[in-house]
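Take a look at the letters that make up each chain.
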Amino acid sequence: MTVQSADRPSMIEFQDVHKYYGDYHALRGITASIRAGEFFSLLGPSGCGKTTLLRTIAGFEGISSGAVMIDGKHMEHVPANQRPTNMVFQSYAIFPHLSVEQNVGFGLRRDPRSEADKAKAVAEALEMVGLKGYGARAAHALSGGQRQRVALARALILKPKVLLLDEPLSALDKKMREQMQVELIKLQRQVGITFVLVTHDQEEALVMSDRIAVMFEGEIAQLADPETLYRRPNSRRVADFIGVMNFLPATILGEANGQIQVEAAGLGRVEIETNQAPGAISEGEASVGFRPETLTILYEGQTASDRETAGTIDEVVYYGDMTYYDVRLDGVDKPVRISMRNVFGRPVLDIGTRTRVAWSAGALVLFR
Amino acid sequence: MDWKSRLRRVTRTEAFSGYALVSPTALYAILMLAAPLATILAFSFFKDGYLVVVREFTLQNYIDTWSDEIFRAILMRSLIVSGLVTLVTVLLAFPIAYYVSFHVEASKKSRWLFLITIPFWTSYLIRVFLWKVILGYNGVVNSALLGVGIIDTPFQMLNNVPAIAITLAHAYAPFAILPIFVSLEKIDRALLEAGQDLGESKMMTFLRVTLPLAMPGVVAAVLIVFIPTIGDYVTPELIGGGKLPMVANMIQAQMLPLDNKPLGSAIAVSAMVVVALISFGFVFMNRRFLRGQK
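Protein sequences, first through last, are from chains A and B.
Just so you know, we're using the working numbering here: the first sequence kicks off at 1 and counts up by one.
Just so you know, we're using the working numbering here: the second sequence kicks off at 1 and counts up by one.
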């Protein structure tokens with residue numbers, strides 16, 4: 001995420017891409033640009049069109065109208081086997097009748113290099129994904145994580161301009177998944193290839209991506225870097241999909257000096273910066289959202305703040321390192337979720353405890 | 001521990017219930033298959049007396065069989081005919097299986113399979129007879145060609161090897177289609193996309209991915225067609241007009257009209273051994289396709 005990718009040239013361009021399956025409108029006017037060398041994620045619930053969009057890049061799916069460009073070239077009449085992309089399939093699609101090295105070398109058939117050079121390239125690719133010495137193994141004898149690595153090596157050995165990853169980690173257990181996330185980020189930095197990842201796991205997208213396109217019903221709802229997406233989602237729907245967000249009904253009173261005056265249920269009168277109100281209206285009914293970790297339960301003796309309100313603890317969920325409290329703020333029926341780190345000496349509060357709750361500056365986001 | 005609880009312990013094991021499940025079939029197979037086979041094997045080493053089998057060990061039957069030029073010619077013809085039938089059947093069955101597996105909507109596949117099994121609705125004998133009607137001197141094909149005026153005199157289409165091959169290929173088509181279909185169905189479609197994604201055309205993907213993965217089905221189809229057709233008795237008799245006997249007809253002649261059961265048995269065992277050797281050889285040649293794939 002530290003890579004300054006904003007000034008890089010674009011690798012993939014979607015220009016008003018539409019896709020119909022009969023009457024079903026799967027992609028509804030996708031216009032976006034994926035930059036060269038970027039780790040880009042398509043994030044959304046199942047059926048949002050993210051996999052369809054990925055497959056239009058690979059060439060497995062035609063488009064009904066619009067254009068897909070890869071590295072400045074129109075892809076309309078370019079079949080999948082001639083595109084500068086390679087894919088890691090959700091099922092990994094490892095050829096079961098071939099050995100590991102035959103799988104990895106599958107795409108090298110027409111490579112003009114000598115057999116010895118090809119074998120060397122295969123060995124290097126296997127080493128890169130941590131499968132050194134696995135070449136002679138039968139593909140069907142591999143574990144899920146190893147198959148994934150073979151799929152990666154098989155795609156990367158062809159030095160594609162774009163590597164497409166279709167939910168590559170969804171079949172792995174949690175530990176393995178987290179380990180592979182880190183490895184994939186490292187690998188992407190090492191090879192410098194544009195990665196396009198499809199995932200429904202918002203945490204995975206946040207961890208791995210330079211930029212994320214959140215998709216709902218065939219449209220991109222928001223395209224931003226992970227931090228912007230988390231801190232300033234542009235709609236309640238995006239906010240809800242990425243992590244947990246509490247919402248409180250609010251009334252907009254007015255705007256002055258880049259601050260919007262809001263009367264929010266349970267919080268009272270608050271000021272929200274205009275850049276914390278993406279796409280919100282300037283008057284009328286709205287809602288105020290905040291993440292669970294931006295609110296703090298104040299313990300006895302802690303000094304009062306001007307951003308403070310009171311409530312009653314409704315539910316306590318203890319997670320070891322964290323405790324989640326559902327707090328019913330005074331004047332609001334629906335409890336809000338607050339997460340507190342269990343630092344040493346901080347007691348876990350009981351249900352029914354009256355507490356003071358403070359929020360940090362910039363925590364609140366205003367939604368339409 | 002009394003015998004009742006001991007018995008209960010035995011009958012509750014998984015192995016026991018497994019044996020219990022297979023035992024009726026196993027019993028039937030032993031009585032109806034293994035026992036006759038053992039009898040044939042025993043007969044083939046006995047001497048033939050007039051109208052009786054003399055129970056004295058001899059290898060003479062095998063010596064007679066293999067030194068008989070007619071036996072070798074007939075065995076060779078049987079091998080050629082069933083090899084031809086197998087080739088034609090599997091070559092015709094593959095595209096059908098491929099079409100049903102890859103191009104028929106999932107919801108309509110069972111309908112297609114149902115249609116493919118329709119030939120089984122009539123007895124084998126009737127189907128063979130129907131081919132006689134179709135290919136006969138005054139048959140459907142000749143009548144049609146005469147009627148349209150393409151030919152003046154009818155073709156002789158019966159009593160030759162191609163006629164036998166056509167009849168058997170038709171009869172065994174479903175046996176070849178079904179195993180190939182099953183092995184094609186098992187192929188993860190993502191593998192075909194992967195083949196193209198890695199730079200291969202559809203044709204090359206077929207050759208490098210689909211075909212090798214379909215080989216278990218092809219091997220099964222070859223064996224299922226080859227083994228029974230070599231021993232087919234009805235078709236050479238009816239379609240070949242008795243002029244092109246195959247090995248089964250020769251066995252029948254020895255067993256019944258000539259009443260030389262030991263020699264008939266020796267011919268049967270010899271044919272069986274040859275078929276078994278060819279089949280094992282074929283499986284061995286294709287062993288790399290048959291290894292466990294998951």
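Keep in mind that the hints were calculated from the coordinates and are not lab data.
Here the structure is a predicted model, which is why all the values come from computation and not from measurement.
Idealized CB from N, CA, C, for every residue including glycine.
Any given hint could turn out to be false.
Stated by the list, open to error - Okay, derived cross-link-like pairs now, BS3-like style, lysine-lysine, Cα gap no bigger than 25 Å in a straight line:
{"id": "1", "chain 1": "A", "residue 1": "186", "chain 2": "A", "residue 2": "161"}
{"id": "2", "chain 1": "A", "residue 1": "174", "chain 2": "A", "residue 2": "161"}
{"id": "3", "chain 1": "B", "residue 1": "202", "chain 2": "A", "residue 2": "161"}
{"id": "4", "chain 1": "B", "residue 1": "47", "chain 2": "A", "residue 2": "159"}
{"id": "5", "chain 1": "A", "residue 1": "73", "chain 2": "A", "residue 2": "132"}
{"id": "6", "chain 1": "B", "residue 1": "108", "chain 2": "B", "residue 2": "186"}
{"id": "7", "chain 1": "B", "residue 1": "109", "chain 2": "B", "residue 2": "243"}
{"id": "8", "chain 1": "B", "residue 1": "132", "chain 2": "B", "residue 2": "4"}
{"id": "9", "chain 1": "B", "residue 1": "202", "chain 2": "A", "residue 2": "118"}
{"id": "10", "chain 1": "A", "residue 1": "161", "chain 2": "A", "residue 2": "118"}
{"id": "11", "chain 1": "B", "residue 1": "186", "chain 2": "A", "residue 2": "73"}
{"id": "12", "chain 1": "A", "residue 1": "118", "chain 2": "A", "residue 2": "73"}
As the list claims (entries may be wrong) - Covered stretches of chain A (chain B as the covering partner; in silico rule of three or more C-beta atoms under 8 Å from a C-beta of chain B):
{"id": "13", "region": "206 to 219"}
{"id": "14", "region": "348 to 356"}
To be verified - In silico contact screen, one side only, chain B against chain A (beta carbon under 7 Å); selected entries:
{"id": "15", "residue": "64"}
{"id": "16", "residue": "68"}
{"id": "17", "residue": "126"}
{"id": "18", "residue": "194"}
{"id": "19", "residue": "216"}
{"id": "20", "residue": "220"}
{"id": "21", "residue": "223"}
TODO: Find the hints from earlier in the document that the structure breaks and name them by number, from lowest to highest.
DONE: 2, 4, 5, 7, 8, 11, 12, 13, 14, 15, 16, 17, 19, 20 and 21
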